[in-house]
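Undergrad: Spelled out from the first residue to the last, the chains are:
Number of protein chains: 2
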Amino acid sequence: MEEDVKEGASDKYSLRGRVFSRLREDILNGKYEEGIELREIAIGEELGVSRTPVREAFRQLELEGLIRIIPNKGAYVVGISDKDVRDIYILRSRLEGLAARWAVDHITKEQMEEMEENVYLAKFHIEKGHTEQMFELDNRFHELLYEASGSKILEHQLKDYHQYVLRIRKKTLSSATRGPQSNTEHEAILEAIKNKNHDDAERLAHEHMINAYKNMIDNGLIKPD
Amino acid sequence: MEEDVKEGASDKYSLRGRVFSRLREDILNGKYEEGIELREIAIGEELGVSRTPVREAFRQLELEGLIRIIPNKGAYVVGISDKDVRDIYILRSRLEGLAARWAVDHITKEQMEEMEENVYLAKFHIEKGHTEQMFELDNRFHELLYEASGSKILEHQLKDYHQYVLRIRKKTLSSATRGPQSNTEHEAILEAIKNKNHDDAERLAHEHMINAYKNMIDNGLIKPD
DNA sequence: CCTTGTATTATTGTATACAATCCTTGGAGC
DNA sequence: GCTCCAAGGATTGTATACAATAATACAAGG
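Going down the list, the sequences are from chains A and B.
Residues 2 to 226 in the working numbering are what the first sequence lists, from first letter to last.
Residues 2 to 226 in the working numbering are what the second sequence lists, from first letter to last.
The reader is advised that the hints may include incorrect statements.
For identical chains, the list gives no copy identity; a pair is met inside one copy or between any two copies.
What the hints assert, rightly or not - With a Cα cut of at most 20 angstroms, we get these calculated EDC-like pairs of lysine to aspartate or glutamate:
no., residue 1, residue 2
1, K153, E65
2, K32, E65
3, K84, E156
4, K153, E35
5, K215, D83
6, K153, D226
7, K153, D85
8, K160, E144
9, K13, E65
Since the hints were made in silico from the structure, they are not lab data.
Just so you know, these numbers come straight off a predicted model, no measurement behind them.
Take these sequences, add in the hints, and give me the full structure.
TA: This is the structure we're talking about:
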């Protein structure tokens with residue numbers, strides 16, 4: 002029964018939690034475009050709730066930087082610029098390297114086993130071209146790495162960024178060449194951790210992000226500098 | 002009149018903003034100890050407001066990781082463990098290095114001038130042993146560095162961490178030896194940026210954090226590993 | 001025609017009322 | 001005395017009512 006213990010602030014079973022998750026997803030997926038104004042009543046009616054949970058969700062979204070609230074005026078969708086995406090990938094490249102380094106000493110047997118299963122299963126879905134499953138497995142691999150780092154702070158931070166660039170990542174992975182290469186890199190990172198090689202783990206995780214970054218630019222998903 | 006444009010989510014002039022700032026400060030300063038339960042009504046009465054702004058502030062504090070809300074039960078202060086502080090310093094060491102590197106290319110003339118003034122003025126207050134001013138100048142130096150990086154993402158992140166370890170930093174800087182050394186290191190970072198030396202800037206900023214970290218441990222302010 | 005001031009309206013900010021949930025406490029049964 | 005359960009109280013979750021603020025429209029004066 003130890004389910005849902007982590008549930009940071011999403012809280013699936015409260016109205017506020019659902020509103021928050023829904024709005025975040027809608028913003029990241031581009032349903033609400035940048036600059037658009039979100040009205041409490043309208044959102045409330047759309048989701049069938051009153052203003053109270055909507056307001057609380059707004060406050061959280063603001064803290065996440067997804068909307069900007071101007072007092073007594075309104076809430077405006079901020080969106081993510083190409084520069085933000087580039088910056089996040091550079092930050093991630095450094096922090097994921099650190100996560101991999103720390104994971105060498107802190108990964109549990111269960112986490113290791115799930116990682117191995119993850120990489121193995123991914124091969125299958127890549128073969129079949131199941132993009133949705135590839136996406137989910139990629140998500141989970143990185144989350145596992147964050148959790149295995151043994152640092153709540155680092156885990157929290159990387160999960161945030163991971164969420165943040167969700168939209169762009171969906172496009173990236175469906176690319177025919179990046180999918181397989183990404184999983185090969187996952188495998189290499191996993192091996193380094195298994196062999197307790199700190200430097201390799203950090204370097205490979207770092208390069209993994211840099212490669213993803215380059216891929217985005219080469220495929221024109223975001224514009225360079 | 003371009004004041005208060007950044008005001009992320011604090012919003013000094015709304016009740017919610019004040020409640021949020023106040024509670025964060027009280028938690029970080031140790032007024033509310035770890036594990037203590039915060040009741041909406043009690044906090045509201047203490048600050049003379051109703052539950053609504055208190056609840057909104059709670060939701061934000063949860064997202065910042067300072068309290069943990071268990072649905073239908075209560076809000077509990079999380080506090081910062083020694084491990085969290087150690088982790089943050091390691092993360093900061095890497096990210097501040099990056100900030101310094103980026104600052105080389107993005108710092109404005111005004112920022113550069115304020116940095117120079119900052120380092121110069123700090124010498125005076127160190128000489129006189131004015132700990133409060135030393136603290137403020139140290140704060141400002143780092144904020145300037147973050148702003149000069151030219152990356153909203155990185156700036157936001159580092160400011161967060163900076164706030165987070167506020168309590169411990171106050172103690173550190175008042176140490177007779179660390180104060181002067183810290184400012185000397187600031188000066189070196191500034192020089193590297195001025196000379197447009199990316200590698201030095203990154204290395205020095207990185208080392209600056211590592212030194213602060215070691216100092217904390219050597220002085221027993223937090224326990225090692 | 002343009003500017004300015006004011007009234008109206010829409011929207012957010014805050015307080016309060018009501019509903020749902022959890023915890024405590026006390027008593028019945030054994 | 002111990003266990004279990006039920007009732008009451010306390011606390012959070014949600015909805016709604018009211019207050020404050022900002023946007024808009026329109027009329028009066030230049």
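Undergrad: Can you tell me if K153 and D85 fall within 20 angstroms by alpha carbon in one copy, between copies, both or neither?
TA: between (24 angstroms within a copy, 8 angstroms between copies)
Undergrad: With identical chains treated as interchangeable, where does the CA-CA distance between K153 and E65 reach 20 angstroms or less: within a copy, between copies, both, or neither?
TA: Classified as both: same-chain Cα gap 18 angstroms, cross-chain 12 angstroms, threshold 20 angstroms.
Undergrad: For K160 and E144, with the copy left unspecified, which applies at a CA distance of at most 20 angstroms: within, between, both, or neither?
TA: The answer is within: 7 angstroms in one copy meets 20 angstroms, while 25 angstroms across copies does not.
Undergrad: Between the shortest in-copy and the shortest cross-copy C-alpha distance, which are at most 20 angstroms for K215 and D83: within, between, both, or neither?
TA: For K215 and D83, only the intra-copy Cα distance (13 angstroms) is at most 20 angstroms; the inter-copy one is 37 angstroms.
Undergrad: Quick one: K153 to E35, C-alpha cut-off 20 angstroms, is that within a copy, between copies, both, or neither?
TA: Between copies only: 16 angstroms across, 31 angstroms inside.
Undergrad: Evaluate K84 and E156 at a C-alpha cut-off of 20 angstroms and name the case that applies: within, between, both or neither.
TA: between (23 angstroms within a copy, 13 angstroms between copies)
Undergrad: Should K32 paired with E65 be assigned to within, between, both, or neither, using CA atoms and 20 angstroms as the limit?
TA: Within. Shortest intra-copy distance 18 angstroms satisfies the 20 angstroms Cα cut-off; inter-copy 26 angstroms does not.
Undergrad: Cα distance capped at 20 angstroms. Does K153 pair with D226 within a copy, between copies, both, or neither?
TA: Result: close only across copies, 15 angstroms inter versus 32 angstroms intra.
Undergrad: Given a CA cutoff of 20 angstroms, do K13 and E65 count as a within-copy pair, a between-copy pair, both, or neither?
TA: both (18 angstroms within a copy, 19 angstroms between copies)
Consistency with the previously given hints is maintained throughout, with no hint failing.
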